[in-house]
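Asks: These are the residues of each chain, in order.
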Amino acid sequence: MRVLSLGRWLRAGRVPPREPASRPSGHRHSGHRPQGPPQELPQGPSQVPPQQKVSVEVLEHLEHLALVDFRDSEGVERLQKAIQFADQLHEVNTDGVEPMDSVLEDRCLYLREDDVTEGNCTKELLENARETVEEYFVAPPGNIPLVKLEGQKTFLQGSK
Amino acid sequence: MAAVLAMVARGCGGVWRRLRQRCAVRPGSGPFPRGERAVACNARGGMMSAGKSGLTPWIPVVGLEIHAQISSNSKLFSGSQVQFAAPPNSLVSFFDASLPGTLPVLNRRCVEAAVMTGLALNCHINKKSLFDRKHYFYADLPAGYQITQQRVPIAVNGSLSYSLCIDNKMSQMVTKTVRIKQIQLEQDSGKSLHDDARSQTLVDLNRAGVGLMELVMEPDMCCGEEAAAAVRELQLILQTLGSSQAVMAEGQLRVDANVSVHHPGEPYGVRTEVKNINSIRFLAKAVDYEIQRQIEELGNGGTISNETRAFDSKLGCTVPMRDKEGKQDYRFMPEPNLPPLILYDAKSLPANMNHQQVINIDWIRERLPDLPSVKREKLVEQYGILPEHSFTLLNEDGLPEFFENVVKQTQMKPKKVIGWILNDLLSYLKQHSLTVKESPVSSFLLADLLNLLEKKEISSTAAKQVLATSLSAFPHTCKQARDLIALLLCYVEMLVTKWDGTEDAAVTEKNWCLQGF
Chain A
1 MRVLSLGRWL
11 RAGRVPPREP
21 ASRPSGHRHS
31 GHRPQGPPQE
41 LPQGPSQVPP
51 QQKVSVEVLE
61 HLEHLALVDF
71 RDSEGVERLQ
81 KAIQFADQLH
91 EVNTDGVEPM
101 DSVLEDRCLY
111 LREDDVTEGN
121 CTKELLENAR
131 ETVEEYFVAP
141 PGNIPLVKLE
151 GQKTFLQGSK
Chain B
1 MAAVLAMVAR
11 GCGGVWRRLR
21 QRCAVRPGSG
31 PFPRGERAVA
41 CNARGGMMSA
51 GKSGLTPWIP
61 VVGLEIHAQI
71 SSNSKLFSGS
81 QVQFAAPPNS
91 LVSFFDASLP
101 GTLPVLNRRC
111 VEAAVMTGLA
121 LNCHINKKSL
131 FDRKHYFYAD
141 LPAGYQITQQ
151 RVPIAVNGSL
161 SYSLCIDNKM
171 SQMVTKTVRI
181 KQIQLEQDSG
191 KSLHDDARSQ
201 TLVDLNRAGV
211 GLMELVMEPD
221 MCCGEEAAAA
231 VRELQLILQT
241 LGSSQAVMAE
251 GQLRVDANVS
261 VHHPGEPYGV
271 RTEVKNINSI
281 RFLAKAVDYE
291 IQRQIEELGN
301 GGTISNETRA
311 FDSKLGCTVP
321 MRDKEGKQDY
331 RFMPEPNLPP
341 LILYDAKSLP
351 ANMNHQQVIN
361 IDWIRERLPD
371 LPSVKREKLV
381 EQYGILPEHS
391 FTLLNEDGLP
401 EFFENVVKQT
411 QMKPKKVIGW
421 ILNDLLSYLK
431 QHSLTVKESP
441 VSSFLLADLL
451 NLLEKKEISS
461 TAAKQVLATS
471 LSAFPHTCKQ
481 ARDLIALLLC
491 YVEMLVTKWD
501 GTEDAAVTEK
511 NWCLQGF
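If you're matching them up, the sequences are chains A and B in order. Heads up, the first sequence is in the working numbering, so the first residue is 1 and it goes up one at a time. Heads up, the second sequence is in the working numbering, so the first residue is 1 and it goes up one at a time.
In isolation and in its complexed conformation, chain B is listed as follows (with noise of 0.2 Å):
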């Protein structure tokens, strides 16, 4: 193990190289908080034992800082449009361009959905929250300073439930929880692409001031398995929420790990940053190499720096990013331009303010949807299927819809159908990377053919060849096809009927018909 990370180690040095060069020294991120750890991390024992020689565990310890962007038509404090492609520096107001003689005017839209974040992540709203700058130098960042809630957030102290399966079978879930210090609003920064070649920046603000959720966890997690389960659930919930896209790969959802270990009874080892973490696959990857890494170099007598470190997907390991900024400081200060934020709940709502600029905690409350966790409950009880299957069907986007129609349709127990959408259809849409929405068969005809299967004219292997023959026989979904094969099939079934015939040949006659297309 050691020997492979040196080898791995080693093939990172030419990249960190050019990772620097590429990544230019970005300062930015705040303090992590470090606090006491409410759970003690033991899924599948949690600890690490020090390879061969068998010396005392190291206990890993993982927080994360995640960066989620406001699903909102305009920016945070000005009004220009969001959008994620578009010409370069068309998306921009004088203000994003921090030209003198501008102010911050906040976005309604913003304060509800960081209040909804909030209470759907069991937070308290602060009623009043206030506004901060937080300076530092960077060429995507105009005005010099970046507007945040540092001081009084909106929203603090909450919790996040994620559920993770202790083995690979999908049989047994465990449920764990990891606690939310807080949400604040802040401004986004620009984007800056790297021309190594010209040695220059070319900078793009059309992101910059789009509205941003910081929510910090505290360092409740013990493993990679843990942050990805974690992060997936609160990208389920900020969907669910519409308060963030959260699409990994579209930046709306950024995610900063910081990682330590320590002994048993220790205090808390030095922290690494990791950044650069593209999906919740590699999150889990560059965690967990990031552990092994600092095991690893404790354990050969080496220290851990409190630096940060970049995540290099093609390699799977971290290289570190920066060397000689230090800690940096970043002269916090109140917003001098921008009044407290005061929220409102049903009792002390005012008379006769206008109600355009009142935010009602408790109004926003009564309308947030059922959150993912609420979901899963109510097909377990309503269907009878089983947690695991609840969790694949949710965590997939549209397949708990597909599952409601076809049991609408078709005669077929739910617990029978579910294993029919999470086996059959949802094993064929995963290999050809397919979403529910581009399935080549509709919950219309999956349900006609369970019927069939029901009504025993079908065996389940000749249920199972149709499927199959029918998901790729149709690549892309048309309407027209569809419906194509649903009158066929309705043929099929008249002429099985009138045939008398053998389940082979109702078999038979729906295959030559399907291929026939």
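So here's chain A without its partners, still in its complex pose (with noise of 0.2 Å):
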């Protein structure tokens, strides 16, 4: 999430500005309260791995799995730099401490009633497809395979 939201920053070309480690808080952590006021990441570079170039096979997997299209050498340095600024999460000493995989843990999950109470707008719902065939919508086939544009593979090879 984070990452997303530090786009416009990625784009602009600079650094974003170093924000202190969020540290995971409450009653679970208790083996690693920080000990007074948030403090700024250590600059030392000694935790966060290597930067390491990312290979045209792992780029061709992202392309073909998230339908991104890395286009030329500014979209993969983008992507260079998005991971090595994931990166500085291993600065962090998480040792014995269990991932928290979402914000709303401690959130308690509604549960809905078995009612009917949506449905019948099939009109609206045409409405947003360009085509569409006796009320069904109109997809190809089957899934289309990725094309690899002879320049594009030429790019992503050269640039290894």
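Think of the hints as simulated: they come from the structure by calculation, not from any bench. Ideal Cβ placement from N, Cα and C applies to all residues, glycine included. A portion of the hints provided could be inaccurate.
[Claimed, not checked] With beta-carbon atoms standing in for the labels, derived distance ranges: (1) A:His90 / B:Ala197: 53 to 59 Å; (2) B:Gln83 / A:Val97: 43 to 49 Å; (3) A:Val56 / B:His355: 55 to 61 Å.
Taking the hints as your guide, dock the two standalone chains into a single complex.
Replies: Structure below.
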């Protein structure tokens, strides 16, 4: 989430300002209570993994999975910077700390009664589709495999 | 055998091409669990010899992944209706269509159904379970991901016991167990209709978002018959609980089989996944065919690739379904819009929470109905019938009740009644594809007939004749007709007692009356 929100910094090509590490709070992480106000991250890159170039195979795999297009060197560079930024998380010592996977973890999951309250809006839904056939949405016959453009492939391989 | 298979395989070639276009590449099935086999398969040997050469035997290994549609009024995360046949895209909410700004809201009934099923299958219910997103692209999955429970599902480590006959005469039954790895809640996808003529797919989202329970079974089975028996028992359990109607023909119960073979003492072989199985009978056929195919292939020096195959019911063979997809990377991530699902029991029940927001596992456990295995035992105990008979009774919807009604209304011993039910009545119903509810003869009539037999007023042969005649005389149930026959039989009885005639006379009289209709 943090990587996404700092997208505009990345696009501007500037280094985003350092933010204090988000210390886990609450009853579960008693072993790592902050001693005082949140401190600045240590500047040393000792715990951050060395910057690695993203390989062509990984780029192709990512393009296939997420249907993004890295198009040119600027796109790949942006990706590298994003990875580098996220790698700062490694500077935090999380030994023996259970991972938190949602900030909603202490919220109550609301349970809905099993009543029919929605639906019957076929016309509205179909308005969003460019092409419909007798109230069905129309899609291509199957997943269209990604076409590897010749130029793109050479570029990616050349940047290795 | 090899020649037959080769012929069939050749015949399947063209089908493969058409099928590939028809069931266009559809990613989405999760990883198959590979664990230790707790139960060695040795029903009737279980091992299959490698054919004429008599080399080391093969052990087939079968695991199942079952998706059961939850029986509820509305969908898992939205308030649109769950219904089988409806105008396309009429049962779709904005959330189901994945329009921006919509969020999932969990349906309480679906959670209860999953807990019930987990308890019935002896699972450990996780008091805290989590939801995840499983990403893949396909036209009938508008969001681009499916909300499922990959990391911590709602129920784990259960077992399912099922029975099957050793021989074909239903005289020796053996009980087997298959371990349930986990049960998880997940969303169903929409339906794709492939229009090859116009090279397009039509998408109907009515089914998108319907609640599913995915049951993952460990590879404890060894042949098609075992797989079929296990699924049949699961179907009966789900129907008894009411958590799913489990009708395979309507897509409420979908089964994918994972099949591999290996030599004893060696590690498991490469498995293939078989999909497109539409009935329990086809499940047995598909599994057995795939086992044979793999044995043949390996026997001829070939290899088995980890692929997905579709079962073609017309040809009775499996054909490759996916070719260049390779291994899917689903990029599982926690569902950010749903907190963990917390379930309670009697001990941990919170004091001051709205009871509508609380699901109590113990409360649900207390209210579980008698499972089929318990019902079978009760019938054996109460009526003194054989376990095999009890098994056949419960296999037909409504037949146990029919049997009990007849027993209540007749002096004939249940052990004798069961013969009439299973041999005469059931065989007729099966021959004419009728359900017990559609039986032309009601339990009242049958009881009446059996009473006459008990009182020795008619002979056994005569009774059989009368039953056969009444069954065929009225192919459609009609309450008035049945009442009429009842009246008629009473009349005939009166006649018989007044007459003091011979058996044959009584039978003739009855038959004559029935044929008059």
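Asks: Hints first: check each against the structure and report whether it holds.
Replies: Hints and how they fare:
| no. | hint | result |
| --- | --- | --- |
| 1 | A:His90 / B:Ala197: 53 to 59 Å | holds, 55 Å |
| 2 | B:Gln83 / A:Val97: 43 to 49 Å | holds, 47 Å |
| 3 | A:Val56 / B:His355: 55 to 61 Å | holds, 58 Å |
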